[in-house]
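A.B. asks: Sequence:
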Amino acid sequence: MATKHIMYKTQGTCSQMIDVTADENDVIQQVFFLGGCNGNLQGISTLVRGQKIDDVIRRLDGIRCGTKRTSCPDQLCRALEQLKQAPATEA
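Position 63 of the sequence shown, counting from 1, maps to 44 under our numbering, and the rest follow consecutively.
Derived by calculation from the structure, the hints in this document are not laboratory data.
Worth double-checking, as some hints may not be accurate.
Each computed DSS-like pair below joins lysine-lysine, with the alpha-carbon atoms no more than 25 Å apart [what the hints assert, rightly or not]:
#1 K33 to K(-10)
#2 K33 to K65
#3 K(-10) to K49
#4 K(-10) to K65
Label-pair ranges, simulated between beta-carbon atoms [unchecked claim]:
#5 E71 to D42: 13 to 21 Å
#6 P68 to C18: 15 to 23 Å
#7 K49 to M(-12): 15 to 23 Å
#8 R39 to L15: 35 to 43 Å
#9 R50 to A(-17): 31 to 39 Å
#10 I44 to M(-12): 20 to 28 Å
#11 Q66 to G43: 17 to 25 Å
#12 I(-13) to R39: 18 to 26 Å
#13 R40 to Q10: 14 to 22 Å
#14 T(-16) to T48: 18 to 26 Å
Glycine included, each C-beta is placed from N, C-alpha and C at the ideal position.
Using the sequences and the hints given, assemble the complete structure.
C.D. replies: Here it is, written out as structure tokens:
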């Protein structure tokens, strides 16, 4: 099965990097956050695993963290938008 993978450098959040992989059908296989609120980000990663990229973007896009203009879920959406454009490679 072919997969897509990126490491996305976040902006404006406590997490610094998102490592995300999806299959050739744009189903999220795994998500890892570097930094940030560990328990919350583990929860988000577990909830989005097995979901279609577009469904996750529709649900999480625009979420803010306090007075910040973005959040870790919103930054995940930015990463997923880039992942959709990434080429799939055979595993």
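A.B. asks: Starting from the range 13 to 21 Å, see whether the pair E71 and D42 falls in it by beta-carbon distance.
C.D. replies: 30 Å, violated
A.B. asks: Between the alpha carbons of K(-10) and K49, is the straight-line distance 25 Å or under?
C.D. replies: 17 Å, holds
A.B. asks: Can you tell me whether the CB distance of T(-16) to T48 sits inside 18 to 26 Å?
C.D. replies: Because 37 Å falls outside the window, the suggested range is violated.
A.B. asks: Range hint 15 to 23 Å: satisfied by the CB atoms of K49 and M(-12)?
C.D. replies: 22 Å, holds
A.B. asks: Assuming the hint says 18 to 26 Å, is it satisfied by the Cβ distance from I(-13) to R39 or not?
C.D. replies: 20 Å, holds
A.B. asks: Assuming the hint says 14 to 22 Å, is it satisfied by the Cβ distance from R40 to Q10 or not?
C.D. replies: This hint holds: roughly 18 Å between Cβ atoms.
A.B. asks: Could you say whether the range 20 to 28 Å given as a hint is met by the Cβ separation of I44 and M(-12)?
C.D. replies: 21 Å, holds
A.B. asks: Next pair to validate is K33 with K(-10); report whether the Cα-Cα distance is within 25 Å.
C.D. replies: 22 Å, holds
A.B. asks: Just to be sure I understand the hint, the distance between the Cβ atoms of P68 and C18 should be within 15 to 23 Å; is that true here?
C.D. replies: Roughly 32 Å apart at Cβ, these two residues miss the hinted range, so it is violated.
A.B. asks: Is 31 to 39 Å respected by the C-beta to C-beta distance linking R50 and A(-17)?
C.D. replies: 35 Å, holds
A.B. asks: So if I understand the rule, the pair passes when the alpha-carbon distance is 25 Å or less; does K33 with K65 pass?
C.D. replies: 11 Å, holds
A.B. asks: Could you see if the CB distance from Q66 to G43 stays within 17 to 25 Å?
C.D. replies: Since the Cβ atoms of Q66 and G43 sit about 20 Å apart, the hinted range of 17 to 25 Å holds.
Going through the hint list in order, the structure does not satisfy hints 5, 6, 8 and 14.
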